[in-house]
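**Q** My request is simple: use the sequences and hints to build the entire structure.
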Amino acid sequence: MDWILGHLDDIGGYTVQHAWLAGLPLLLGLAVAVPLGWLARRRSWLYTPIVAGTGLLYTIPSLALFILMPLVLGTRILDEENVIAAMTIYTVALLTRTVADALGAVPDDVVAAATAMGLGPVRRLLTVELPMAVPVIAAGLRVAAVSNVSIVSVAALIGVPQLGVLFTDGFYRDFLDPIVAGLVASALLALLFDLAIVALARVLTPWHRTPAAARSGSEAPS
Amino acid sequence: MIRFEGVTKEYADGTTAVGGLSLNAPTGAITVLVGPSGCGKTTSLRMVNRMIEPTAGRITIDGEDTATMDPARLRRGIGYVIQHAGLFPHRTVVDNVATVPRLLGWDRRKARDRSMELLERVGLPAELARRYPHQLSGGQQQRVGVARALAADPPVMLMDEPFSAVDPVVREQLQDEFLRLQAELGKTILFVTHDIDEAVKLGDQVAVLRVGGRLAQLDAPGRLLADPADDFVAEFVGRDRGYRGLAFRPAPPLEPREEPTVPLGAAPEEVRRVTADWVLVVDAGRPVGWVEPRAIDAPVTTDRLHRGGTVARLDGSLRAILDAALSSPSGRGVLVDDDGLLLGTVTASAVVAALDGVPRTDPVEPPEPVER
Amino acid sequence: MTRDVLDWLLDGAHWQGGEGIPLRVWQHVAYSLIAVGIAAVLAVPAGLWVGHTGRGRFLAVNLVGILRAVPSLGLLFASLMILGPKIPGELGVHVPVQVVLVVLAMPPVLAGAYAGVEAVDPAARDAARGMGMQGRDVLLRVELPCALPLVFSGLRSAVLQVVATATLAATVGLGGLGRYLIDGLAVRDYAQMAGGAVLVAALALLLDLLAATLQRLVVSPGLTGKTGRRTAAGETAASSDPRDVGVLTEGSTR
Numbered sequence: 083m084d085w086i087l088g089h090l091d092d093i094g095g096y097t098v099q100h101a102w103l104a105g106l107p108l109l110l111g112l113a114v115a116v117p118l119g120w121l122a123r124r125r126s127w128l129y130t131p132i133v134a135g136t137g138l139l140y141t142i143p144s145l146a147l148f149i150l151m152p153l154v155l156g157t158r159i160l161d162e163e164n165v166i167a168a169m170t171i172y173t174v175a176l177l178t179r180t181v182a183d184a185l186g187a188v189p190d191d192v193v194a195a196a197t198a199m200g201l202g203p204v205r206r207l208l209t210v211e212l213p214m215a216v217p218v219i220a221a222g223l224r225v226a227a228v229s230n231v232s233i234v235s236v237a238a239l240i241g242v243p244q245l246g247v248l249f250t251d252g253f254y255r256d257f258l259d260p261i262v263a264g265l266v267a268s269a270l271l272a273l274l275f276d277l278a279i280v281a282l283a284r285v286l287t288p289w290h291r292t293p294a295a296a297r298s299g300s301e302a303p304s
Numbered sequence: 518m519i520r521f522e523g524v525t526k527e528y529a530d531g532t533t534a535v536g537g538l539s540l541n542a543p544t545g546a547i548t549v550l551v552g553p554s555g556c557g558k559t560t561s562l563r564m565v566n567r568m569i570e571p572t573a574g575r576i577t578i579d580g581e582d583t584a585t586m587d588p589a590r591l592r593r594g595i596g597y598v599i600q601h602a603g604l605f606p607h608r609t610v611v612d613n614v615a616t617v618p619r620l621l622g623w624d625r626r627k628a629r630d631r632s633m634e635l636l637e638r639v640g641l642p643a644e645l646a647r648r649y650p651h652q653l654s655g656g657q658q659q660r661v662g663v664a665r666a667l668a669a670d671p672p673v674m675l676m677d678e679p680f681s682a683v684d685p686v687v688r689e690q691l692q693d694e695f696l697r698l699q700a701e702l703g704k705t706i707l708f709v710t711h712d713i714d715e716a717v718k719l720g721d722q723v724a725v726l727r728v729g730g731r732l733a734q735l736d737a738p739g740r741l742l743a744d745p746a747d748d749f750v751a752e753f754v755g756r757d758r759g760y761r762g763l764a765f766r767p768a769p770p771l772e773p774r775e776e777p778t779v780p781l782g783a784a785p786e787e788v789r790r791v792t793a794d795w796v797l798v799v800d801a802g803r804p805v806g807w808v809e810p811r812a813i814d815a816p817v818t819t820d821r822l823h824r825g826g827t828v829a830r831l832d833g834s835l836r837a838i839l840d841a842a843l844s845s846p847s848g849r850g851v852l853v854d855d856d857g858l859l860l861g862t863v864t865a866s867a868v869v870a871a872l873d874g875v876p877r878t879d880p881v882e883p884p885e886p887v888e889r
Numbered sequence: 007m008t009r010d011v012l013d014w015l016l017d018g019a020h021w022q023g024g025e026g027i028p029l030r031v032w033q034h035v036a037y038s039l040i041a042v043g044i045a046a047v048l049a050v051p052a053g054l055w056v057g058h059t060g061r062g063r064f065l066a067v068n069l070v071g072i073l074r075a076v077p078s079l080g081l082l083f084a085s086l087m088i089l090g091p092k093i094p095g096e097l098g099v100h101v102p103v104q105v106v107l108v109v110l111a112m113p114p115v116l117a118g119a120y121a122g123v124e125a126v127d128p129a130a131r132d133a134a135r136g137m138g139m140q141g142r143d144v145l146l147r148v149e150l151p152c153a154l155p156l157v158f159s160g161l162r163s164a165v166l167q168v169v170a171t172a173t174l175a176a177t178v179g180l181g182g183l184g185r186y187l188i189d190g191l192a193v194r195d196y197a198q199m200a201g202g203a204v205l206v207a208a209l210a211l212l213l214d215l216l217a218a219t220l221q222r223l224v225v226s227p228g229l230t231g232k233t234g235r236r237t238a239a240g241e242t243a244a245s246s247d248p249r250d251v252g253v254l255t256e257g258s259t260r
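Protein chains in written order, with this note's numbering: chain A, 83 to 304; chain B, 518 to 889; chain C, 7 to 260.
These aren't lab readings, by the way, just hints derived from the structure by calculation. A hint or two may mislead.
Looking from chain C toward chain A, a few residues come up when the C-beta cut is under 10 Å (computed) [said to hold, decoys possible]:
(1) I72
(2) R74
(3) P77
(4) V204
Covered stretches of chain A, as calculated for chain C (at least 3 residues, CB under 8 Å) [claimed, not checked]:
(5) 130-143
(6) 146-160
(7) 173-180
(8) 246-254
This one's a predicted model, so the numbers in the text were calculated from it and none came from an experiment. Cβ atoms here follow ideal geometry from the backbone N, Cα and C, with glycine treated the same way.
**A** Have a look at this one:
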């Protein structure tokens, strides 16, 4: 406990670094997954290759991806770009299917109405389909967020600084305090990400917030 | 007989779904519960097989208080049909139908044979037996639902809006077959619907419920249309009730006029020889449609016939006969006997004239409870 | 690079002996399947119960969220330091590794099970009760069979994650395919690391394929929609009455 209180600065620094390494890939991954998911939906023959192909990426062990990224990107082993690229890949792996299925779940009559009013494919995607898919995409994003926060810590094995360093540090010194601090901090970070995504989804879907006026809670089954 | 005695269902939040309902559903008859949404009709139905427990009052089936019976045993003895059929998606049609027999411990073979027999009975071809529910149309699923409810030959059936989820054409088909089936089986049926037309069509007696589960009127359908108990029932029963009520009035003695006819395949000259007005076409003694002589330039075929006009049986309801006259392009309604053979025609004014001769109050008595 | 990896993978020497690829694969499979098995035994019944009764749903949803947020690496080190000294011999390492993998496998399996039951058509459940099935019958004969597709998708998702994460066993001295990553990292042998990664991914795919086959055998064709589209046969059979040759229809007023 004393150790934790004495190292609050370090823990804080690692947490910020961790948030950056786990959070930025969420945005990058989403930016990749949306067009991919849209394409999978629009061309039905592409659905299986895209969704299965991206899903495959999730089977690559994170440690391997962190180590092998420099060979692909031409970066140095300790560069944080490796971690960001690897985490982006995992985010894409998790989100592409979600985006495709979320877009597929938009009611056909809504899409047809939008088309009938003269919206082109891109405008329709941005103004009708994506907004309606927000709740499902947000649910996928929440899974990706906690998953990222958990996986990033593995990068400590190759020495990229973030909360995972507390795990390796504690383990090598046979000292539990840093590990507990790391676990608590990353749980809090995951919670923070989760709340942020929930809040963002609520802001983006105002029509879900208004209580359904017609539904009086006391209505008995007739 | 199913007997409701002061049955009440109140929920914890203080709402009353059903308030002191008392009524008898006689053995071998169809009793329809009808009313607007929130009138507690489904709740009332579900209290019979104890899917919902009443808060006060009691329900007896043939004198036995349902509250004293084991719910699962009680339900196995009651057929239950619901709106979306509720078929088990993971089981084939034949296995769906065999559910209750299997629960009752029948051996597999006997349960299957029984299922196949029932599928035939509800008008489903045997080749559908091996299919899964998702491979059936809505109407077919609903038929399977009825077959499944009948599987263990329960004396009592509860039906909760069984035909509301299918399109109007199929619904009418299902209703007609249901009546035919009931004529053979004579089950004691409690039937819930929100559709007053369905209620008067199917019910031997109709119970109109108002919001809060209070009985507004319990009567034979003819009386319900002829003599609504209050404004609520009158409004619920709706417009045209005078006309619709004719469906429950037997035809007055009518003298069908002889109608000149031509056979299917008749040449244009032959048709024009009969009359300049509409000519009735028959095939083996059965009326098949009207043709207009002026418009005919080739032998009469089925697709040249005027589409419109209904036929009525001479001993059918007043409504059917009047409708036959009103819908006919010639103004003459086609009357047939029980075998569908042409008897003659009748005009609307003749029907109305005859109408004046029959008593205006409903001659149909509410059904007596048939004990068996 | 690709050449190096291929060379490493195809080198006969790597496929033999006490430290060869077959042994590593076998160890990896064992770690993974034991963990998924334990998770299934714990989480499937729990999830079915939650879905069936609707009780404990809040708890289950939050448990899923919390377990997902636990970083595997931290949990591995913590459980090794806490449990390791209390358990004698090699089990002292195996048990902490299993703790980590089971915690990883639980969320998808639990969520799949309760979501599967919740997704069962309420009308089917209502009909089951209305026909006189007891709670246990409803669960075992209707809800479980109907929930199987989602139960399987939870299990398969768990297999993928566990196989990828079981590589961490090597960081605490155990075997499995993670050895190639850890040992390769120590000597900067990229071909060995990449080869190990390829083997892990291939193993994950193979196990997923086996699970998919099992799923096809176990799940009713009525739920997968693989039995062909329905035809309109029968629906119109009722009106094939030979008397209906004409266009006159009998008024249908009773």
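**Q** Hints first: check each against the structure and report whether it holds.
**A** Quick rundown of the hints versus the structure:
| no. | hint | in the structure |
| --- | --- | --- |
| 1 | I72 | holds, 8 Å |
| 2 | R74 | holds, 5 Å |
| 3 | P77 | holds, 4 Å |
| 4 | V204 | holds, 9 Å |
| 5 | 130-143 | holds (count 5) |
| 6 | 146-160 | holds (count 5) |
| 7 | 173-180 | violated (count 0) |
| 8 | 246-254 | holds (count 6) |
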